[in-house]
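Here is what each chain is made of, one letter per residue.
2 protein chains.
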Amino acid sequence: MWQLYQFPLCPFSRKLRLLLGEKGVGHELVRESPWMKRDEFVDMNPAGQTPVLVEPARGITLIDSGAICEYFEETVEKSPMIPGSAAQRAEVRRLAAWFDDRLYAEVVEPLLNERMKKRLVTRDAPDTRVLRDAMRVANAHLDYLDYLLDHRRWLAGPVLSLADLAAAAHLSVADYLGGIDWRGHKQTTDWYSVMKSRPSFRPLLAERMEVIAPPAHYDKVDFF
Amino acid sequence: MWQLYQFPLCPFSRKLRLLLGEKGVGHELVRESPWMKRDEFVDMNPAGQTPVLVEPARGITLIDSGAICEYFEETVEKSPMIPGSAAQRAEVRRLAAWFDDRLYAEVVEPLLNERMKKRLVTRDAPDTRVLRDAMRVANAHLDYLDYLLDHRRWLAGPVLSLADLAAAAHLSVADYLGGIDWRGHKQTTDWYSVMKSRPSFRPLLAERMEVIAPPAHYDKVDFF
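So the protein lines, in turn, are chains A and X.
Under the working numbering, the first sequence has 111 at position 111, and the numbering climbs by one with no breaks.
Under the working numbering, the second sequence has 50 at position 50, and the numbering climbs by one with no breaks.
Source of the hints: derived by calculation from the structure; they are not laboratory data.
Hints are not guaranteed to be accurate.
Note that identical chains are pooled: a pair holds if it fits in a single copy or bridges any two copies.
[To be verified] Below, in silico cross-link-like pairs of lysine to any residue (SDA-like), each with a Cα-Cα straight-line distance of 25 Å or less:
(1) K186 <-> P46
(2) K118 <-> E106
(3) K37 <-> E106
(4) K118 <-> R183
(5) K78 <-> A125
(6) K196 <-> G184
(7) K186 <-> A67
(8) K186 <-> D127
(9) K78 <-> F223
(10) K117 <-> D101
(11) K220 <-> E40
(12) K37 <-> Y144
(13) K196 <-> D43
(14) K23 <-> A87
(15) K220 <-> R129
(16) K37 <-> K196
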């Protein structure tokens, strides 16, 4: 059985859990707080980041959420998440990287720093200016999603793909931390309602991070 | 013919140029300075980053260096750069991401900011503390390369791969900017000499960025 080292609000672990869920790959969760820099974890992954996926019986350790998603795309035929022609696959990967790099750095990471790490680790008060900036940029990201969904059924094209999983994973963490104002983004809220109702997404939405509570709409498919 | 939007010291463009060179994919270079935020370029790539690869005749635009490398790995059989079993391919992708994320953020990006952008754009003096930190971390990265090369012929395993191209691309930019002290890293210098002597690498080493000159050893295969 695969063991997934993760913590509930890690967006990269969430992306991977969505992919494993869609593909029906069984796994058990191992709680890891990367900010604790546990020696055994850093020995396993020199980058010190979640997710790490281990299959002890077969001696396999997989590191880096992008590399792990590609691994399961190659080894599990069910529910292709990087589908289509080479050009369509490039578009899926472009968008997944966009969400993993930009949406994460500009929105999710500052929210995690201010609302989770400061609460759990340093016990400082959150910096309201950083939070305001993150929420402003989040709005621009939702505009871009609206634009994509004006032209396409799913974010990267006509079918569900890793781009949708990555966007939903990052947005779900930002939403948990109160960083998303969904008003005025009809296309994106419709899409996110559909994502939230997928069986792969339900277990994530049911989880809670100790000490930090999500807003009331967080796990509601219809936002109300 | 593919048109590659890039600038000489963009490490992600260099990685891609090495891959195109190894695979024998013809392309012409189009000079782009992403910090100028040229409207037509941002319209092409909302991320505003190089490299972007365009094939006007076929109406294809490829964005994100990782996605582009995967595209050519899928479409050009010659010289596989993500070779081996699924687990070996995961290791190639883990290391390529490590160099693209960590080596870039901790070493190459600060060097580019201090020694290129400040020179070309803001005309401020470089921050010597930032430069010292980047060079210190560069040394730790070379230690990790030494460790990998103690156990393997190439960085990700027994054969040349995208991991080698990514590492060499980032190190070549850091080296151009005077940020690498190669002393005491025998395994890595031996490996880098071999990389430098590859036909795919020679055109990159011959290029110069206006105003900024590399150290004397920069394009010498034997470092002297």
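Under a CA distance limit of 25 Å, which applies to K37 and Y144: within one copy, between copies, both, or neither?
between (35 Å within a copy, 18 Å between copies)
Is the C-alpha distance from K118 to E106 at most 25 Å within one copy, between copies, in both cases, or in neither?
This pair counts as both: shortest intra-copy Cα distance 18 Å, inter-copy 23 Å.
With 25 Å as the alpha-carbon cut-off, assign the pair K117 and D101 to within, between, both or neither.
Result: close both inside a copy and across copies, 20 Å intra and 21 Å inter.
Between the shortest in-copy and the shortest cross-copy C-alpha distance, which are at most 25 Å for K186 and D127: within, between, both, or neither?
For K186 and D127, the Cα distance exceeds 25 Å both inside one copy (30 Å) and across copies (46 Å).
Using 25 Å as the alpha-carbon threshold, which applies to K118 and R183: within, between, both, or neither?
This pair counts as neither: shortest intra-copy Cα distance 28 Å, inter-copy 40 Å.
First find the shortest C-alpha distance between K196 and D43 inside one copy, then the shortest across copies, and answer within, between, both or neither for a cut-off of 25 Å.
neither (35 Å within a copy, 31 Å between copies)
Intra- versus inter-subunit Cα pairing at 25 Å for K78 with F223:
neither (30 Å within a copy, 50 Å between copies)
For the identical chains here, do K196 and G184 meet the 25 Å Cα criterion within one copy, between copies, both, or neither?
within (19 Å within a copy, 53 Å between copies)
Check K78 against A125 for me: Cα-Cα at most 25 Å, and say if that holds within a copy, between copies, both or neither.
The answer is neither: 46 Å in one copy and 55 Å across copies each exceed 25 Å.
My question is about K186 and P46: at a cut-off of 25 Å on alpha-carbon distance, are they close within one copy, between copies, both, or neither?
between (42 Å within a copy, 22 Å between copies)
Measure nothing new, just compare the shortest in-copy and cross-copy C-alpha distances for K220 and R129 to 25 Å and report within, between, both or neither.
Neither. Shortest intra-copy (29 Å) and inter-copy (49 Å) distances fail the 25 Å Cα cut-off.
First find the shortest C-alpha distance between K186 and A67 inside one copy, then the shortest across copies, and answer within, between, both or neither for a cut-off of 25 Å.
neither (33 Å within a copy, 29 Å between copies)
Taken one by one, the earlier hints fail for this structure at numbers 4, 5, 7, 8, 9, 11, 13, 15, 16, listed in ascending order.
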